Every structure is written in structure tokens, then in C-alpha cells.
Amino acid sequence: PDKNYLPIHFLAARDQGSPSSEVDSVQSPYYIVMSAPNPKAFPLADATLTNQILDLVQQAGQYKQLKKGANEATKTLNRGIAEFIVLTADTEPIEILLHLPLLCEDKNVPYVFVPSKTALGRACDVTRPVIACSVTTNEARELQSQIETIKRKIETLLI
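For the sequence shown, the working numbering begins at -10 and goes up steadily by one.
Just so you know, the hints here were simulated from the structure itself, not pulled from any lab data.
Treat the numbers as computed from the prediction; the structure is a model and nothing was measured.
For each residue, glycine too, the CB sits at the ideal point set by N, CA and C.
One thing to keep in mind: the hints can contain errors.
What the hints assert, rightly or not - Cβ pair distances, simulated, as ranges: (1) Asp95 to Lys29: 16 to 26 Å; (2) Thr145 to Thr116: 28 to 38 Å; (3) Lys64 to Asp44: 22 to 32 Å; (4) Lys29 to Ser134: 24 to 34 Å; (5) Asn67 to Asn127: 13 to 23 Å; (6) Asp35 to Gln135: 17 to 27 Å; (7) Thr126 to Leu91: 18 to 28 Å; (8) Glu131 to Pro82: 29 to 39 Å; (9) Glu131 to Arg68: 16 to 26 Å; (10) Lys53 to Lys140: 15 to 25 Å.
Please put together the full structure from these sequences, using the hints given.
Structure, rendered in C-alpha cells:
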């Protein structure tokens, strides 16, 4: 109950030296046990919301509505085109992205932490870990209903 489980399809090949990604033999072999998240990572999405967010991030990448990395996320916030920001709780040191929640609150943009930078990297369709990404606005609006649903769920976490 106190562990976060993440489906393995969002994770790259397991890093043998990483303590945050050990396979739990009691659980299904399709899940990875995540280590305890940083207490500064608030609000942290639960496993269900994390899956929904990562699925939406993956789709946003296909529709060119995704910016990857802390610097790109900062740019989208400053330009006013960010729908919401996804940050990772296992960033080391976490201080390198803690300017983003402050900026999000100034701009009234929802933000959420997910447990794994590896999983976020996979959802962003890159081989490297991604510590932050931004889902952006688009004129075509194919994903607008899904984006609004996720934004509402993120905002309930912030309350």
C-alpha cells in the first residue's frame, strides 16, 4: 500500500545499479516498484493518474503538442502556451526543477509530479530520462477533451 507501482511498458531496460527500480517478485512481473518519492515533490500523482498522464503525454508527442525538458517547459510557461506541466519526483537533485511549480502558480497552469523520469522519457518517445515536460495548446484541438480531464484531476490534487 505504501509503494508506488508503475507499469513496465513505460520503462526502458532496467538499470541494474539503480535502487529506485527493483522488481517486486510478489507483485505481477509487469510492474516495477518505485522508491519513496522526494517529499518536496507535491502534488504526486497516484499510479492510475500517472498512467493517464503518461498516455496523454505520449499522444501529445504524436500531435506535436509536447515540449521536453525543464528549459523548454519554462519557455512554454513564459509564452503562455502550456496546458499543464509534468515533473518527476526522482530528479536528483530535485532543486533543478523546483522553479517550475512557482512559475506555474504565477501563470495559473496546473502541474503534477510523476514518480519516474525514465517512464516520462519513454512516454516522451526519447531514450534518455526526462525530468519535465509541457503539454501545449494547439489550434487543431484533437486532444482537448483529454487534456481538460487530466487538468481537472491535477487541480483536485492541488487543493
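The hints, checked one at a time:
no.	hint	verdict
1	Asp95 to Lys29: 16 to 26 Å	holds (18 Å)
2	Thr145 to Thr116: 28 to 38 Å	holds (33 Å)
3	Lys64 to Asp44: 22 to 32 Å	holds (24 Å)
4	Lys29 to Ser134: 24 to 34 Å	holds (32 Å)
5	Asn67 to Asn127: 13 to 23 Å	holds (18 Å)
6	Asp35 to Gln135: 17 to 27 Å	holds (18 Å)
7	Thr126 to Leu91: 18 to 28 Å	holds (21 Å)
8	Glu131 to Pro82: 29 to 39 Å	holds (37 Å)
9	Glu131 to Arg68: 16 to 26 Å	holds (21 Å)
10	Lys53 to Lys140: 15 to 25 Å	holds (19 Å)
This entry satisfies every hint, going by the numbered hints stated previously.
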